[in-house]
Amino acid sequence: MSHHFIRFTGVHYSYPDGTEALKGVSFTATHGERVAILGLNGSGKSTLLLQTNGLLLPTTGEVNVGDVPVTKKTASLVRQAVGMVFQDPDDMLFMPTVYDDVAFGPRNMNLPEVEVERRVTAALKAVGLEEVSKKAAFQLSGGQRRSVAIASVLSMKPDILVLDEPSANLDLSARDNLIKLLDTFHHTILLATHDLEMAKQLCPRAILLNQGRIIADDSTEKVIETFFSVCLRKEQ
Amino acid sequence: MAKTEKILYSLTKIDKGRRTVVPTVVMLILTILYLVAVLSVPLHMPQKLIWLTAYPIFLSELCGIGYLKIFVRSLWILPILIFIGIFNPFIDTAPAFTIGNVTVNRGWVSLFSILLRGIIAFQSVLILVSTSGIIETFNSLRKIGCPAVLVTQLQLTYRYIAVIIEESLTIKRACAARGFGKRSYPLKLWSRLIGQLLVKSTHRATKIHLAMLARGFNGVLPTGNAVYWTSTSWLWLFGGIVFIAILRFTDFTSLLLHLTGNFNR
Numbered sequence: 760m761s762h763h764f765i766r767f768t769g770v771h772y773s774y775p776d777g778t779e780a781l782k783g784v785s786f787t788a789t790h791g792e793r794v795a796i797l798g799l800n801g802s803g804k805s806t807l808l809l810q811t812n813g814l815l816l817p818t819t820g821e822v823n824v825g826d827v828p829v830t831k832k833t834a835s836l837v838r839q840a841v842g843m844v845f846q847d848p849d850d851m852l853f854m855p856t857v858y859d860d861v862a863f864g865p866r867n868m869n870l871p872e873v874e875v876e877r878r879v880t881a882a883l884k885a886v887g888l889e890e891v892s893k894k895a896a897f898q899l900s901g902g903q904r905r906s907v908a909i910a911s912v913l914s915m916k917p918d919i920l921v922l923d924e925p926s927a928n929l930d931l932s933a934r935d936n937l938i939k940l941l942d943t944f945h946h947t948i949l950l951a952t953h954d955l956e957m958a959k960q961l962c963p964r965a966i967l968l969n970q971g972r973i974i975a976d977d978s979t980e981k982v983i984e985t986f987f988s989v990c991l992r993k994e995q
Numbered sequence: 002m003a004k005t006e007k008i009l010y011s012l013t014k015i016d017k018g019r020r021t022v023v024p025t026v027v028m029l030i031l032t033i034l035y036l037v038a039v040l041s042v043p044l045h046m047p048q049k050l051i052w053l054t055a056y057p058i059f060l061s062e063l064c065g066i067g068y069l070k071i072f073v074r075s076l077w078i079l080p081i082l083i084f085i086g087i088f089n090p091f092i093d094t095a096p097a098f099t100i101g102n103v104t105v106n107r108g109w110v111s112l113f114s115i116l117l118r119g120i121i122a123f124q125s126v127l128i129l130v131s132t133s134g135i136i137e138t139f140n141s142l143r144k145i146g147c148p149a150v151l152v153t154q155l156q157l158t159y160r161y162i163a164v165i166i167e168e169s170l171t172i173k174r175a176c177a178a179r180g181f182g183k184r185s186y187p188l189k190l191w192s193r194l195i196g197q198l199l200v201k202s203t204h205r206a207t208k209i210h211l212a213m214l215a216r217g218f219n220g221v222l223p224t225g226n227a228v229y230w231t232s233t234s235w236l237w238l239f240g241g242i243v244f245i246a247i248l249r250f251t252d253f254t255s256l257l258l259h260l261t262g263n264f265n266r
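Quick mapping for you: the protein sequence lines, in order, are chains A and B.
Using the working numbering, you'd call the opening residue of the first sequence number 760 and step up by one each time.
Using the working numbering, you'd call the opening residue of the second sequence number 2 and step up by one each time.
Simulated from the structure, these hints should not be mistaken for laboratory data.
Heads up, the beta-carbon is just placed ideally off N, CA and C, and yes, glycines get one too.
Keep in mind that a hint or two might mislead.
[Said to hold, decoys possible] Some, not all, of what chain A presents toward chain B, calculated at C-beta under 7 Å:
id	residue
1	P817
2	L836
3	R838
4	F845
5	D850
6	F863
7	G864
8	R866
9	N867
10	M868
11	L870
12	S892
13	L899
14	G901
15	C990
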């Protein structure tokens, strides 16, 4: 069973207030593929990402991670394979220290403490924040928090990495470091972003969402062109 | 630094505690036993409680915290204790004893008993948290067999204190940024701010919960570091139990009276 690909088949999702956020989304991201999810605010990017590890379940349609359909029952299995970095790092960091936050996932996987420590050290080293492991999250800068949030997912060694606007609020240097870091991740990546340059640098393929529908699925360069025309149409 | 921010920083100190000679699990077991000993003293026998004060005094000095520090901090709980016992002197008016011409009723005795009991019980918990830290204390609770769900609830409640403080700090900063030095606001605005704080905290807690689920949270927070039990732990435990038992069951008052009586003769 391979966990490394993700497939959406006719996924619809409506929020309890009736807002239809996804309207028949279908695509497949194969093993090792990096796909950028682009779209205007409110186009359904975050909702789509939340479907990847069962935090939201489709109203109709199906999401598969490898051979496993994402359901309530399979959610815990899927979450070991799909690591998700949220839009706001503060939503992810709540433990007393950075170390505990990064160790949260591995510990939930019931790994022995020696292995947890090894993974935490490696993840913090990867994001260049070994020295802050004993600090509390609120003592870190915005960029550092973002990096710790990413480390907290990397420590789970996911097969698929899902990131929701990871470069938001990062300075140029931190953003470059993030791109370098993500470049070292050789499995599947789904990246929702407004940072078109980052999308171009990291992802050969992009999907453009507009009002819950995929309106373009092609090379990132081409999709960005379509994206600009959508933006222009909206302005007019 | 703002007061709210200071509280946030002080929480990190409470998280970690300070390492002492007494192992965390032993400290936890002894604190539980001590609380049982304190609560088992009848309300109208405060003289027995006085001897039990030796435990927090001895332990705080042994752990290098200093009793004065613990005593001052334990006074925070005084208003609550007064609120609990304040009506006793007016309800239980039966005479307890007489000093000279003044008759002291049982209500005053029970009020004194409540105050002393509450303060020394709180002091023992303060010592536990100061030495072991909240996180280690929760881990130890799990190790001694406390249900994981209950400990997780306690841990999350504790963690959400930090979330609420962070949110209140954000609101406070937002007010200050547009308040032009204004320090007081009408009551109506305060009630709105508090409502907003609750809404924001709940919203953030929901998002945190989602992020926890995404990283495999299944209802039980992982404890992490192992709590070690060594041969010296047994010694500390045995010594502590004997010490508490002596304080609880020896009638020092009668012994003292007996000794002074013999001495006078």
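Structure-based check of all given hints:
no. : hint : verdict
1   : P817 : violated (17 Å)
2   : L836 : violated (10 Å)
3   : R838 : holds (5 Å)
4   : F845 : holds (5 Å)
5   : D850 : holds (4 Å)
6   : F863 : holds (6 Å)
7   : G864 : holds (4 Å)
8   : R866 : holds (3 Å)
9   : N867 : holds (3 Å)
10  : M868 : holds (6 Å)
11  : L870 : violated (10 Å)
12  : S892 : violated (13 Å)
13  : L899 : violated (12 Å)
14  : G901 : violated (13 Å)
15  : C990 : violated (28 Å)
Checked against the numbered hints above, the structure breaks hints 1, 2, 11, 12, 13, 14, 15 and satisfies the rest.
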